[in-house]
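Two chains, two frames, some hints: make the complex.
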Amino acid sequence: MYEKNGEKYYVVDAHVHIWDGRESNLKNVHGKQFIDCFYDYHKNLSPEEVVWDYDTYTYYGGQRLMKDLFEEGYVDHAIFQATLLSDFYKTGFGQTEEAFGLATEHPDKLTYNHAYDPRYGEAGLEQLRRDADRMQLKGVKLYTAEWHGDSRGYKLDDPWSRCYLEECLKLGITNIHVHKGPTIRPLDRDAFDVADIDKVATDYLDLNFIVEHVGLPRLEDFCWIATQESNVYGGLAVAIPFIHTRPRYFAQIIGELLYWIGEDKIFFASDYALWTPKWLVEKFVDFQIPADMTEYAPITTDQKKKILGLNAAAMYDLDVPADLRLPTVAGDAGVEVAAGARS
Amino acid sequence: MTAVATSLVDEVLAALATVMDPELDEPITELGFVRSIRLDDTGVTVHLRLPTSFCSPNFAYLMASDAQDALRRVEGLGRIVVQLDDHHDSEKINAGLVADAGYVGTFGVEADTSLDELRSIFLRKAHTAAMERSAARLLRDTDLTVDDLHLITLAQLPEGRTKEALLRRRVAIGLGVDPGEPVVVDEYGGPLEPSAVPLRLRFAKAVRISIEGNSHFCRGLLATRYADAEPGGMSTRVTNLRSTS
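Each protein sequence line maps, in turn, to chains A and B.
Just so it is clear: in the first sequence, position 48 is 48 by the UniProt record's numbering, and no numbers are missing.
Just so it is clear: in the second sequence, position 169 is 169 by the UniProt record's numbering, and no numbers are missing.
Hints are supplied without guarantee of correctness; some may be wrong.
Restricting the straight-line Cα-Cα distance to at most 27 Å, the calculated cross-link-like pairs of lysine-lysine (DSSO-like) are [stated by the list, open to error]:
id	chain 1	residue 1	chain 2	residue 2
1	B	Lys163	A	Lys32
2	A	Lys8	A	Lys283
3	B	Lys92	A	Lys27
4	A	Lys90	B	Lys92
5	A	Lys109	A	Lys155
6	A	Lys155	B	Lys92
Computed beta-carbon distance windows for the label pairs [unchecked claim]:
id	chain 1	residue 1	chain 2	residue 2	range
7	A	Lys90	B	Pro27	25 to 35 Å
8	A	Ala195	B	Leu144	32 to 42 Å
9	A	Asp203	B	Val171	35 to 45 Å
10	B	Ser7	A	Asp292	38 to 48 Å
11	A	Asp133	B	Ala99	35 to 45 Å
12	B	Pro27	A	Glu122	46 to 56 Å
Read the hints as simulated data drawn from the structure, not as lab findings.
Only a predicted model underlies this, so the values are computations on that prediction, with no experimental measurement involved.
We put the CB at the ideal spot given by N, CA and C, even for glycine.
Extracted from the complex, chain B is given alone in its bound form (with noise of 0.2 Å):
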């Protein structure tokens, strides 16, 4: 491989690593859910592959029509295709993917709107889930008690993987950045009275556990597919044909 080559799969694997499980708030990189790339001169075909059968049909849509958006902000990649195996819904999806038929294309009958609202529900619940990790550190860092949270803002979040996070999901359900900014919120990015807030921590604190816990489950289902059945097991395939010149 050259060195161009090799940064074509990275540039690929960054690309995917964009694509979130809009359920688990996690990479599909990560979570073993890409099972192989295949680079060659005409193009790149990527193989998705999800827990079981019976993962939603909407779920496994939404994260099939995103890899195949991420990757065509590749340059130079040639075709893409992308599919999506062992899926109950399978056939239809990867059929609606070739088509570029969108969701309601793909499913017809069965669907009859966008899945746009399903995506916003679990963006906020994902960004709920960062405020309370980041609520939670600070309950466990410092002196601050939970009567002390309504007045908390972004700048006073450590610096760090946890408030990045949190940052990043505001960003995603149109919340500002501002270092004045509150950290705990309502449902809608609002702010909440001061007796609000430990009942809204609590609530989303089961937001967390329930997220957390999805992928716990979602992880060891895949590995009971997969790990002892392939060459490979959990791992991402690559194959590079590309010619050197």
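Isolated chain A, as found in the complex (with noise of 0.2 Å):
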């Protein structure tokens, strides 16, 4: 919980990660650009003082965020989202093991999502059962760019990947994250390309499909076929520190997200460990659209509740404190969006 001037804040920091990227655990030099990679965001996009040296980077451990997150974090409740990376890493670049038996330990404040490849198949699908039951899973991360054997990809429409997608439904798998940002490695087509969403969401209207990284470096993309599918969710991961380094480039990615998909459909995440959220939590609660950007209006305290976390405490269906919610019902996904679009 966060509170600032009077006002209380329910957070939820919907993207966490325990990764390793320590040289012990790299396969190949993928792996060490692919972790070098992170720290360059890392460093690019956070304010100096809370820039952490490259060892403690590569490897923080369960302790570390648990201090990270909700000691210091001001966060209520955080979902782990998984990156296997298993061509890369040789026990996966996120830890799965480690999260999942940390969200065991602690249920009331983390929830562990795990991945599925649909290339894998019917032996996949039969793992996916497995790790359902096992893992008690509400939500799956998946990251269609990834690449496998000769595979460049697949799409979330792929016959398989449907397959998968109507076992989730069996299984109660509700909430689908779907990374669709800074690529793995993906040729001919552009891996951010958002249409493939487009198309499952209109399907399969009882599962959500939340778009990480809203579509960027796509926003554009994301924000219209969000708007045309009720079930489709942003999460600001990525998106949100350029409240620092570029405030007045994130007051057009929240002042756009707020037009085309309206206040209940955007999700606050840290991407931890990319950034920590202590930071980001603070400069959001004070941030607020440049005066003389007209186009926009000013966000309001109820809408950055919702974002901040009473949406993702709905979909979660987290137990919010009575005195941290709102008088209305946030994270309404009955709401026909874009808001903006058809005021």
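Dropping the structure here:
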């Protein structure tokens, strides 16, 4: 919980990791380049006083996570998003068992989302059933552009992917987080293309599709489909740190999102440990659209409360203390968007 | 350096300045992607760099091969070598450039079509953003409102960089540049119903913000990666070893 000027905010960090990018876990040069790339993101977009040294960044473990999120970071609940990258790291990049263990230990504070890859066909489907049972999954995180053997990635509307989505429905895994953002290794097609989400969102209305990184670097395509689909949401991971280095650009992003998809469908996320939530929460609560950007309305306190936590809490059925709720229901997926476009 | 040699360096720089990052719609020379240029009596070697190792290999390939093509249009350069540094596909791309293998030849089984379609998507986005800049300027500087915009033609745009940029991008996607052509058009350059103009512009604005934002991000990441780590930082290192005669 974060409190400022008498206002209290329930905070859900909708995208966090425990990763291991240490040299001992690297399978090849790609693993090294990948963690180096993340470190550049971290250095480039964090305030100087919260930049970690490289060794801390490559591995920080569960204890540090608990401290950074819950003791210092104002977070009430956080959601692990799996990032496997098994072709780059010996035990994977995201440490799934460690994260799952921590979530089991602190069910009030942490939710564990797993991953699957539809290119494993029937065997992967069976694995998904076992994982859902063992991990009590509510959500998964998918990397459609992940490199796998000769495959350059997959589309959510590929036949096997549809089988997996249907299985998710049966298993009660309703929250499908999709990484559309920094590339893994796509080739001739545009890895950030979000058109596949459009198709499956229409066909699977009982699933929620959360587009991570709000489609950046294809914000416009994401906004366009999200206005047409009632079950498409945007996660602010990677977009929100611009609040520090490029506040006017962040104002444009959040202004466009509020216009196109509305205040009920945007989720706060730090992408920890890319960035720590403490400064992001503080700056977001203090943030306002610059006065000369008259094309956007000022952001209200209620909108900030929804984005910072109430929307994700509604999606994940989290128990928000009565004094942190809003009089109206946040995260109302039934709201037809785009809010601005149709007003 | 003689006058002739200096001008050759200028010609190389001018050629490289025609190479655009397809996604950011800016020249690679302005983005800091040209790391070094080395001229000697046998030819020229140009090293390119990108903001992270994980920049899309297809875009990386496009820029490197475009640079090679641009240099081939400069007379008297000799042997042309373009190398992409520090990318996860550097080895593959550089070998493909040396062999002049083309995109499909470079990536083999990983690539099944040429990059023309991808390139075309981003040229259209660049046009959409340029169109929005022109329209937004009219709305800001004149008494026109968004309801008038469907009537506005290229002739009514004030001369200057914004208009030039729009015309250049219209040419790139095969649209006409006659003064009577409408400014605000649909994704394929066709005319719009007046009622469709406001939403089209709103979307065009999101496209512009997206492109500009990516540019902020890439510039920042490039600086994080190279500015402190290298002597010369973000500038292009030029070495001219051509003999004076």
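Okay, the hints, checked on the actual structure:
1. B:Lys163 to A:Lys32: violated, 45 Å
2. A:Lys8 to A:Lys283: holds, 15 Å
3. B:Lys92 to A:Lys27: Status holds; Cα separation ~19 Å.
4. A:Lys90 to B:Lys92: Roughly 24 Å separates the two Cα atoms, so the pair holds.
5. A:Lys109 to A:Lys155: violated, 33 Å
6. A:Lys155 to B:Lys92: Distance ~26 Å between Lys155 of chain A and Lys92 of chain B Cα, so the pair holds.
7. A:Lys90 to B:Pro27: 25 to 35 Å: violated, 41 Å
8. A:Ala195 to B:Leu144: 32 to 42 Å: Taking Cβ atoms as reference, Ala195 of chain A and Leu144 of chain B lie about 34 Å apart, which means the hint holds.
9. A:Asp203 to B:Val171: 35 to 45 Å: About 40 Å separates the Cβ atoms of Asp203 of chain A and Val171 of chain B, which means 35 to 45 Å holds.
10. B:Ser7 to A:Asp292: 38 to 48 Å: holds, 45 Å
11. A:Asp133 to B:Ala99: 35 to 45 Å: violated, 52 Å
12. B:Pro27 to A:Glu122: 46 to 56 Å: Cβ of Pro27 of chain B to Cβ of Glu122 of chain A: about 50 Å, so the range 46 to 56 Å holds.
Of the numbered hints stated above, those contradicted by the structure are hints 1, 5, 7 and 11, listed in ascending order.
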